[in-house]
Amino acid sequence: MSKVDDIKKMKRQQKIITPTQALAEIVGEEDTNVYSNKEINETRKEEVKVERKRVSFDLRTDLHKELKMQALVHEKNIYILIEEALERYLKENK
Numbered sequence: 000m001s002k003v004d005d006i007k008k009m010k011r012q013q014k015i016i017t018p019t020q021a022l023a024e025i026v027g028e029e030d031t032n033v034y035s036n037k038e039i040n041e042t043r044k045e046e047v048k049v050e051r052k053r054v055s056f057d058l059r060t061d062l063h064k065e066l067k068m069q070a071l072v073h074e075k076n077i078y079i080l081i082e083e084a085l086e087r088y089l090k091e092n093k
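Residue numbering for the sequence shown follows numbering that gives the first Met the number 0, beginning at 0 and increasing consecutively.
I should point out that these hints are in silico values taken from the structure, not numbers from a laboratory.
Take the hints with a grain of salt, since some may be wrong.
[Said to hold, decoys possible] Here are the computed lysine-lysine pairs in the DSSO-like style, where the Cα-Cα straight-line distance is at most 27 Å:
| hint | residue 1 | residue 2 |
| --- | --- | --- |
| 1 | 64 | 52 |
| 2 | 90 | 48 |
| 3 | 7 | 48 |
| 4 | 75 | 64 |
| 5 | 93 | 48 |
| 6 | 75 | 90 |
| 7 | 67 | 90 |
| 8 | 7 | 75 |
| 9 | 67 | 52 |
| 10 | 75 | 52 |
| 11 | 90 | 64 |
| 12 | 67 | 7 |
| 13 | 67 | 48 |
| 14 | 52 | 93 |
| 15 | 90 | 52 |
With the sequences and hints as input, model every part of the structure.
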């Protein structure tokens with residue numbers, strides 16, 4: 000085994016893993032129905048081609064941290080969570 004394989008094996012055997020590690024690789028038994036983030040993102044790109052506009056705004060740091068954690072938990076990009084929240088807000092306030 001190579002040193003990289005040894006490190007991966009040690010990470011898989013850890014009881015506590017970071018959210019980044021959890022999303023980056025399959026831990027424990029491999030499931031044939033599990034898709035990588037790359038495959039999921041490619042599927043999303045193929046399903047819907049949406050024109051986007053880059054925007055810049057200031058956000059409270061506590062909200063940004065929570066948003067990043069939610070993005071990890073739900074395995075979505077931050078901008079997708081923001082779009083979903085804005086769509087709900089705009090729909091409710093028509």
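Discussion item. What's the verdict on residue 90 and residue 64, does the C-alpha distance respect the 27 Å limit or exceed it?
Written reply: 26 Å, holds
Fill in: Given pair status - residue 7, residue 67, alpha carbons within 27 Å
25 Å, holds
Worksheet item: Quick one, are residue 52 and residue 93 close enough, alpha carbons at most 27 Å?
Response: 22 Å, holds
Discussion item. Would the hint linking residue 67 and residue 48 be met if the CA-CA limit is 27 Å?
Written reply: 24 Å, holds
Worksheet entry | Restraint status (C-alpha distance of residue 90 to residue 52 at most 27 Å) | Status holds; Cα separation ~20 Å.
Worksheet item: residue 7 and residue 75: Cα distance at most 27 Å?
Response: 24 Å, holds
Item to complete: With a cut-off of 27 Å on the C-alpha distance, tell me whether residue 64 and residue 52 pass.
Response: 23 Å, holds
Discussion item. Tell me if the straight-line CA distance from residue 67 to residue 52 falls inside 27 Å.
Written reply: 21 Å, holds
Fill in: Given hint residue 48 paired with residue 7 - CA-CA distance at most 27 Å
This hinted pair is violated, its Cα atoms lying about 36 Å apart.
Worksheet item: Taking 27 Å as the top limit, are the C-alpha atoms of residue 75 and residue 90 close enough?
Response: Cα-Cα ~21 Å, so holds.
Worksheet item: Is residue 67 within 27 Å of residue 90, Cα to Cα?
Response: 24 Å, holds
Discussion item. Against the 27 Å threshold, does the CA-CA distance of residue 75 and residue 64 hold or violate the hint?
Written reply: Holds. Residue 75 to residue 64 sits at ~15 Å (cutoff 27 Å).
Comparing the model with each earlier hint shows a violation of hint 3 alone; every other hint is respected.
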